[in-house]
Amino acid sequence: MVGYLIRRVIQAVIVIIGVCAITFILYHLFPGGTNSEARIILGPRATQPQINLFLAQNGLNKPIWTQFAILVGHVFTFNLGYSYKLNEPVSTIVLQKLPKTVLLVGLAILLTVIVAIPLGIFQVLRRNKPSDYALTTMSFVFYATPTFFLGIVLIEIFAIHWHVFPPEAPQSASVGSILADWRALVLPVVALAAVSIAGFSRYMRSSMMEALTEDYVRTARAKGLSTRRVNYVHALRNALIPIITLLGLTLPAIVSGALITEDVFNYPGMGLAFFNAAINNDFPLLIGTVVVAAMATVVGSLLADILYAVLDPRIRYV
Amino acid sequence: MIPFGGAATGKDTVVSEAQRIGGELTAPETEVTEAGEAGGIGGLGKVIWRVFAENKLALVSVGVVVFMFLFCFVGPHIYVTNQTYLVITNVNQVLAHPSAQDWLGTDPNGYDTVGRLMVGGATALEIALLAAGIATVFGVFFGAISGYAGGAVDAVMMRIVDTVLSVPTLFLLIVIAAILHPSFWLIVFIVALAAWLVPARLIRGETLTLRTREYVQAVRAMGGGGGRIVVRHIIPNAVGTIIVNATFQVADAIGLLAALGFLGFGVPAPGTSWGQMLSNGISYAQEGAWWLIYPAGICIILITVSFNYIGDALRDAFEVRLQRR
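So the sequence lines, in the order shown, correspond to chains A and B. Residues in the first sequence are numbered consecutively from 806, following this note's numbering. Residues in the second sequence are numbered consecutively from 744, following this note's numbering.
By construction, these hints were calculated from the structure, which means they are not laboratory data. It is possible that part of the hints are untrue.
Claimed, not checked - Covered by chain B, according to a simulated footprint, are these stretches of chain A (three or more residues, beta-carbon under 8 Å):
(1) 1017–1026
(2) 1088–1094
(3) 1100–1109
Even glycine gets a Cβ: it sits at the ideal position worked out from N, Cα and C.
Take the sequences, apply the hints, and build the full model.
Written out as structure tokens, the structure is:
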């Protein structure tokens, strides 16, 4: 177990260094190189001495490998630069917004698990019946529905026509008061979860089907256990294991979805901050957010894999 | 049929060559029929076509895709509208309700919505097919080389894939779009950048098993180099996986493109895409301008569902081929 954990953590660190490399490439994508990067931050009327000072202060005049080493050091010490548009360090902004996005993503994952797993089981138990086909078609449609379109439709129906839920997500500053305003959270969470519910229920269905063909299920039946016990204890527990891996794998997609959901519902999380940064050409904040989103995803996948190892002894000893 | 041919855009010659060899090498027992028999996917045999055709939903999906292509590329010649410049002479032409003249009304700029759907759809389909094609070709070569080389090369190449996969795609793509201002080809490149990872992984996995096969050993014994083995033996034998995945890539590319367009990083005006149309239409939702939202949204869903169904049916068809071997 410890060996597995160490290997998995080393892998995560390598991926984070890779993320640094991507960030580095992004910084060097600016047409005109570092000079124009300085101009974007200092403005078009900056003089050459000012630009030179900026380059020296930010280590941009050093050899390329030194620059990269500095960047990796900054990322691991959570020094993400300074947002000149908002006049605040990027890490401060991100730390304010991150908990809200984690809350939104967490609730969406929770909803996904609560809905998709029973749905998949239900489909297996009534496989190849009309209800199974109907649910499969529905999950195909929801899987294909862009998050923002679903969001718009939900606002149209539930906020504009029926006035059941507010059209805007909670605007409070703290996580606690956001949770207290749960009515406003319903639509964003549903919009974000819909795609993954569709994907997960299909995966759950095939995973459960596969589990039911395993030898241990036949053994369980042969020794006279009830169908209920075979289905829910023997098959289900094994079918659930791949779902955890899927959770780790789809996390980047859910975080991407959060970006759109936050934009549609004006939810003051990291995605909205990122979107505003993109519109304002606030490049330090833009790139800093990518780093944090990637790191959060890597950590999330790491947690999913650790959970996987805890639940499935076969993984631990490989 | 357009969709299959289109999905391979970018390197048609390689793919068709691959299919030809694939047909000869991997499926000697399956009846190799003339190209076109199997719905345009080449000489992969009647069996695949038969299993595919058994799936009624997949056939309907092919119909939807063909209809969409006709609608977007032939439609503008039949239902002629002005989509390039703005001449608003009458205030009633802006945000007009559906009428005999404008079947789905007009948008806030006075453009006819049906005509807009055609323009937006053509852009979306072109970008999605190009991006999926480029991503598939690149991903296939990347994966095949990585899997064939093995060792340190493989480890480094796959860590690259892992890293990019762990970054939430949309964040990365928007940063690139914000730094380099969006144009048609930049968007193709951006969508392809997100799409090549999955084929690379799949083909690497496939290569790991294929490279131990006897015929690969035989080529090596006869003095065939690594390049020849990868291009003429490994990739052709993975063609089923490649085609199935390319279909899914098209569906994903349309979704991603819609998301980019929605967030304001789409093709420059007067061009548009379905996602951009939705993004512009949302401001008028409260005024009841349903024709600015639902048609574009339904188009995105229809085409994505169709490509996903086709991909699913193709996967079943190729699996049957493998089972019968």
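Hint check:
{"no.": "1", "hint": "1017–1026", "verdict": "violated (count 0)"}
{"no.": "2", "hint": "1088–1094", "verdict": "holds (count 4)"}
{"no.": "3", "hint": "1100–1109", "verdict": "holds (count 3)"}
Violated hint: 1 only; the structure is consistent with all others.
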